[in-house]
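Protein chains in written order, with this note's numbering: chain Z, 1 to 197; chain R, 1 to 477.
Derived by calculation from the structure, the hints in this document are not laboratory data.
Only a predicted model underlies this, so the values are computations on that prediction, with no experimental measurement involved.
From the three backbone atoms N, C-alpha and C, an ideal C-beta is built for every residue, glycine too.
There could be a bad hint or two in this list.
Partial selection, computed: residues in chain R whose CB lies under 10 angstroms from chain Z [stated by the list, open to error]: (1) Asp5; (2) Leu23; (3) Phe67; (4) Gly69; (5) Glu108; (6) Ala111; (7) Leu122; (8) Val130; (9) Val131; (10) Phe141; (11) Val204; (12) Leu208; (13) Ala265.
Looking from chain Z toward chain R, a few residues come up when the C-beta cut is under 8 angstroms (computed) [stated by the list, open to error]: (14) Ile58; (15) Leu104; (16) Thr106; (17) Ala107; (18) Thr110; (19) Ala137; (20) Leu138; (21) Ala142; (22) Ala143; (23) Ile145.
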Amino acid sequence: MEAVLFAITAVLGIAGGVGVIAARQPVHSALGLLLALLSLAVDYLLLDAQFVAVLQVIVYAGAIVVLFVFIIMLLRATGDAPRARTAVPPAAASVLGAVLAAALLTAALTVRTGPGGVGAEYGTVQQVGRALFGPYALPFEAASIVLVVGMIGAVALGKRAQVIAVARTHAAPGVRAPAPDAPAGRVAAGGAGERER
Amino acid sequence: MAWRDLGAASPELVLTVAAFVVLLYDAWMTGPSLESPRSGGAGWLALAGVALALLLNAFPPTAPVAFAGMYVRDRLTQAVTLAALLGTGITVLLSPAYLNRFRLPAGEYYALVLFSAVGAILMGAARNLVVLFLGLEILSFPLYTLAALATRSRRSQEAGLKYLLLGAFGTAFFVYGVALVYGAAGTLDLSRLAGVPLTPLLGVGVALLTIGLGFEAALVPFHAWAPDVYEGAPLPATAFMSVIAKVGAFAGFLRVFPLALPAAAAQWSAALVAVAVVTMIWGNLAALFQTNLKRLLAYSSIAHAGYMLIGIAAPGPAGTLGVLYYLVVYAVMNLGAFGVLILLERRGEEADEIADLAGLWGRAPWAAGVLALCMVSLAGLPPTGGFIAKLYLFRAALQGGHTTLALVAVLTSVVSVYYYLRVAAAALSGTAPDAVAPRRSATVGIALALAGAGVLWFGILPSTLTAFVQQAVQALR
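My request is simple: use the sequences and hints to build the entire structure.
And the structure:
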């Protein structure tokens, strides 16, 4: 039973992964990602990691894919990317990819697998919580720094783009462009006005 | 987690807190407007954080292993921290003039620089592959943003995007490697990897880890991003990433190869020797034909990554000592070279062509002198730190029986003398072009004086640093 379930989720997961990179429409890529993430959630269940499976559905399949879809919608991204480039990969890339695939396959085939012994409490919320705030406290905190840095980066790049957009509207024909050294407050005030309109 | 654990990680904690203080200070000073204030307060706060971390780094903790065996602050960590903090401190001193001139957001800039340093130090302190991976991420996320920080410049945007995409690609290899190593060994603890038999699965996992670290260190054939990113990123960001990424990546190499997998040295050593040879040859030959200084220094940094890999590929105390010594010297001499470029301006843009340096001796003799000194050091000629650093590495290669490696290293060093001295000669002769103007900045002056003094000090009196690094190596055996 478990083997059959695993075979189904494995095929679906790989199909989803291929769909992410092969789809022309960004929305289709997002849906492929959703398929891959949901298949992984079932895999976690098969591994007795119930809590991680639930988190996978709520956080990844739920929040993150929804976020992707929102961004695609707001940017009105369509699949207008140039097509010719992706048809045939360069020879070197194919060879290297084949070497990597062969290495991974040989490594995978040499592995002897067997049932692992886990306790009845394995994968419960308590166990995950104890691991997270016990031995894994440092990685937990370090991961939060990664997230903070990501936010700072997004704000730093996004904020500047807005200021420039405002500066450009000031520089439109008929409107006197602000001098490069104009006080920052004026530009920002203009920005607030722009947004209200 | 106990107070003792936090005490062991005090330099990282101080830097993290300093980054938040810088951000909050900047937000407070900025107020409702969107532009950063022009005062240098954020820079001084960042510098104070780096100085405090340097001070704390001088005292070894009572219990080096902390956080349930995830983290270790031994002598090697201290040496890596020293290199990272020297690079960060000099970068913070180099930046204010440039940030003001090009109106980059100072608060975010300094905060990201400090976070990146935290990542590099964490990689040096990693005793577990999860921590090593998170350190790599904390190191590289800020660098992606820093590369794209000049949002008015298309080149900078392109650099940030390229770095992000290729960096994510490299990271994917690293994570896959971590997963395979866990599958083969059943543990992520680096101190327990040594007893694991070498299976094909472990071998492939370690190879993928190497690819991830190779991207970060810009080793050939994972170097393709480096020249474009270095050229497009804002100058101080280029200077910083050229140093901090190397510190983090080679700290990771040291933690994974000589320390965690000494038994399988024969296998990975041969592969790393090949990568080192290709990297040294490619980096130095490509640098010969560059006219843009940022691209030239990018290829030079690729070549130096090849030299540093010698110390990993020739395992043993001599190699580890060579890498640690090289990291410290490289941080100082590379930042000195970039610092002089930060002083120059060509019609409101960066002056980054070799021709722009002409006649610098007549206008700013001190800056030209420091540039020439750093170029001599990068070329590896006495009496500079670069000479001693290369000497240690080449000696390690010979002691390890890698004669070809040492031969290639010496020959490529001779080639590199040509392009480094071409830059030095351009700065020391010729007439200055009208378009290029050297700026004056007290903080850059201090940074250049520090870099110049460091290059000479490590070259003439290497024993001080050697003693410190040797303790690091002896403690590991």
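Going through the hints against the structure:
no. : hint   : result
1   : Asp5   : holds (8 angstroms)
2   : Leu23  : holds (7 angstroms)
3   : Phe67  : holds (4 angstroms)
4   : Gly69  : holds (8 angstroms)
5   : Glu108 : holds (4 angstroms)
6   : Ala111 : holds (6 angstroms)
7   : Leu122 : holds (6 angstroms)
8   : Val130 : holds (5 angstroms)
9   : Val131 : holds (6 angstroms)
10  : Phe141 : holds (5 angstroms)
11  : Val204 : holds (4 angstroms)
12  : Leu208 : holds (9 angstroms)
13  : Ala265 : violated (20 angstroms)
14  : Ile58  : violated (22 angstroms)
15  : Leu104 : holds (6 angstroms)
16  : Thr106 : holds (6 angstroms)
17  : Ala107 : holds (4 angstroms)
18  : Thr110 : holds (5 angstroms)
19  : Ala137 : holds (5 angstroms)
20  : Leu138 : holds (4 angstroms)
21  : Ala142 : holds (4 angstroms)
22  : Ala143 : holds (6 angstroms)
23  : Ile145 : holds (5 angstroms)
Comparing the model with each earlier hint shows violations of hints 13, 14; every other hint is respected.
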